[in-house]
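Colleague: Below are the chains, spelled out letter by letter.
2 protein chains.
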Amino acid sequence: MPPYDIAVLTTGDELLSGEISDSNTKTIAGILSTYGYRLRCSLSVPDQEKEIVAALQYLIGHVQFIIVTGGLGPTGDDRTARAAARTLGQPLVINEEALKMVHQWFTSRNRRMEASNEKQALLPQWAQPLPNQNGTAPGFRLWHNGCELFFLPGVPSEMQAMFKRSVLPVLQQKIPEAYPLQQRTFKLFGLSEPKVDRMVPYQQLPKDVEVAFSLEYPLVLVKLKASGEDAEFRLDQAEALLLKELGDHLMARDGETPEGNVGKLLVDAGLTLSLAESCTGGLLTTMLTSQPGASAFLERAAVTYADTAKADWLKVPTLLLRQYGAVSENCARAMASGLRHTTGTDLSLAITGIAGPDGGTEEKPVGTVFLSLASATGVHVKRYTFLGDRNRIQRMSATMALEWLRRFALQQLENRP
Amino acid sequence: MPPYDIAVLTTGDELLSGEISDSNTKTIAGILSTYGYRLRCSLSVPDQEKEIVAALQYLIGHVQFIIVTGGLGPTGDDRTARAAARTLGQPLVINEEALKMVHQWFTSRNRRMEASNEKQALLPQWAQPLPNQNGTAPGFRLWHNGCELFFLPGVPSEMQAMFKRSVLPVLQQKIPEAYPLQQRTFKLFGLSEPKVDRMVPYQQLPKDVEVAFSLEYPLVLVKLKASGEDAEFRLDQAEALLLKELGDHLMARDGETPEGNVGKLLVDAGLTLSLAESCTGGLLTTMLTSQPGASAFLERAAVTYADTAKADWLKVPTLLLRQYGAVSENCARAMASGLRHTTGTDLSLAITGIAGPDGGTEEKPVGTVFLSLASATGVHVKRYTFLGDRNRIQRMSATMALEWLRRFALQQLENRP
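Residue numbers (this note's numbering), protein chains in the order written: chain A, 28 to 444; chain B, 28 to 444.
Please keep in mind that the hints were generated in silico from the structure rather than gathered at the bench. Worth double-checking, as some hints may not be accurate.
As the list makes no split between identical chains, a pair holds if one copy fits it or if it spans any two.
[To be verified] Here are the simulated BS3-like cross-link-like pairs (lysine-lysine), alpha carbons at most 30 Å apart as the crow flies:
hint, residue 1, residue 2
1, 250, 291
2, 391, 291
3, 77, 252
4, 146, 222
5, 234, 250
6, 146, 191
Let the sequences and hints guide you as you build the complete structure.
Modeller: This is how it looks when you write it as structure tokens:
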């Protein structure tokens, strides 16, 4: 979908000093996309007439609709109206209609109007004022060289209300049949971004279905986007084709999390779980318990740093620890089976490894992680070598453990009579 | 402080569809302002060559330094290098140095390189590649009509590291010294924002010291800002005055975390710790283990959902559980003392409560949380009623527990001969 001829210009020093990020652009873009429009670009400049003028001049030559926010207040650093007047070569005049609006705002609230508020009625000569239900600053609308400009206050609540009331209807009327942008997200695990890219069946995808990628480490997010009359239909086709290739790696969709889905799967499969974490320090447990209802499948979890802890809670033989060390295949296996023996849960999963930054050795470098899963069908264990800093290694280990649980639960559900 | 001739251009469809707000601009602007620089403008455009070209053309005529983020990935929707080449009228060529960087990234990690990764070495002919320690995409630097352009990946962690390493030094060298904006952050716990506001000694603060507030639930952040020659001196004064009023609630400063500081305190005080969590589901343990060296004080931790788990690991009498329930003062007390008895750690802390959304009752509504701390000096227990959703109740409970540990460790250190 081509971006429509709409741009946003936000003004305010705080946007360029790192104090806050520009939420007004996100708000406007979000509302627009639900109506099928997309911004062509967004610009932010400080509260300086010169900068606002330069930005307006650029945008007027570049797009058809410009939405400006900020700089309509009563104080000295509110310079948008002046900048607009200068850009369009119009004098600043007291706009009687706007002045009425400002007066009315105060009288209707039995409040005395400050002289400085009159400044808010100083608009470019041909401006059409836009009412502001929630504040003193009226917005205004201007036309220039076939371009239409809307000026709104920067206060998010005021801006949003006025945008919906005074701007959106104009766009809907003037921009021919926009179809909302439909979008589906697929969160994949176990493949690199380039690998996923190569597996996407671009050739077979229906045309006008856009594919976009992003990373939520360690997940690769694939987005399918389409708009137009039969968007839903084309997305259904695209989704089917995509999942034929990649469905095996799908851990979650829009609004879902891997841990949330794994929790549901365990409940559906009627499996109880106990966990023993070492290098992940409880991350896996916290992920699983961050959603309600975890107690339905999670019986208990342990973070066993000390060997004594592995010995009494997980029944790992001290001799084994001495012989192979806590970060070893044997220890992982003993942790999982020992835990399952104590708890009697259907599944017991153990993680032991070296998250770093210290503790790595020649044969067991930082990132060495052992996973083990004990179930009625036996005890599985595997060694991994994960890359990155402590945080990444912990996240990767926890997500890999979720993947083990996901696959086990799915198998159970399939094997059901 | 006048804006300097620096602009940021961020690329990505998601920036203009309302999916996310532009954090890279905020990050760059924030770093710049700590060095006394301010952005002149920032621009965002979709992943479309035409739009990126238009934006670059505008900025090249408008500012002296341009920082571009995004669109350097290996996939089809990464089009920044191509757009840069077209804007500057340079052919796209395989940059040998960049290719080495990409190759090296994979070989140093024993990973096979995808063909698509070669695309990441396709740069404008006269580009100087910039190394990327944290990802496969090299950045690059270009010069055009007295304007200097830096191209960085969009992944925030990669972008930030490369900006500090390859861009900031250039700006510092080329832009005449500015007075950096000095800033100090104080993370407070146990007071509401308005309460903190009332306790700030505004009258006595040296002039030109700005006070700003923000929330990092459940912490209230107070920022002191100053610039100019004697900024450090004025901030020292302001800090002393602020902490005279609020120091007792200070859990962390800039770049610190409450959990990190509590960990250090426990080590300094030579205290070992064991944890038993219920409603927080391991959050406290995960916070404490998210930093290296946690094993120096944390002996073990348990998340005991099932009563049987509380019984065998924490030695909570089944009778007590039946009589008072798992969410009770008696249970909390029994969990902490039972755990300390098993582990022999100096401190054992237990959390039991109802994080919701379900499970609340008349006399024990959602948000009811019991904390208990067992030490050589006895077992303390307290009931809280926290407000908010599951996530907030969990965070509040974990942070309150950290506060207990902080105060205990501080006392120990003070009572030392």
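Colleague: Could you run down the list of hints and mark each one as holding or not?
Modeller: Going down the list of hints, with the structure as the test:
Proximity of residue 250 to residue 291 under the C-alpha cut-off of 30 Å is restricted to the intra-copy arrangement: shortest distance 24 Å within a copy versus 43 Å between copies. In this assembly of identical chains, residue 391 and residue 291 lie within 30 Å of each other by CA distance solely across copies; the values are 27 Å between and 35 Å within a copy. Taking the closest pair of Cα atoms, residue 77 and residue 252 come within 30 Å of each other only across two copies (20 Å); inside a single copy the shortest separation is 39 Å, beyond that limit. For a Cα distance limit of 30 Å, the shortest separation of residue 146 from residue 222 across copies, 14 Å, qualifies, whereas the shortest one inside one copy, 55 Å, does not.
Taking the shortest alpha-carbon separations for residue 234 and residue 250, only the intra-copy value of 15 Å comes in at or below 30 Å, while the best inter-copy value is 52 Å. In this homomeric assembly, residue 146 and residue 191 come within 30 Å of each other (Cα to Cα) only inside a single copy, at 25 Å, whereas the closest approach across copies is 43 Å.
Comparing the model with each earlier hint shows no violations; every hint is respected.
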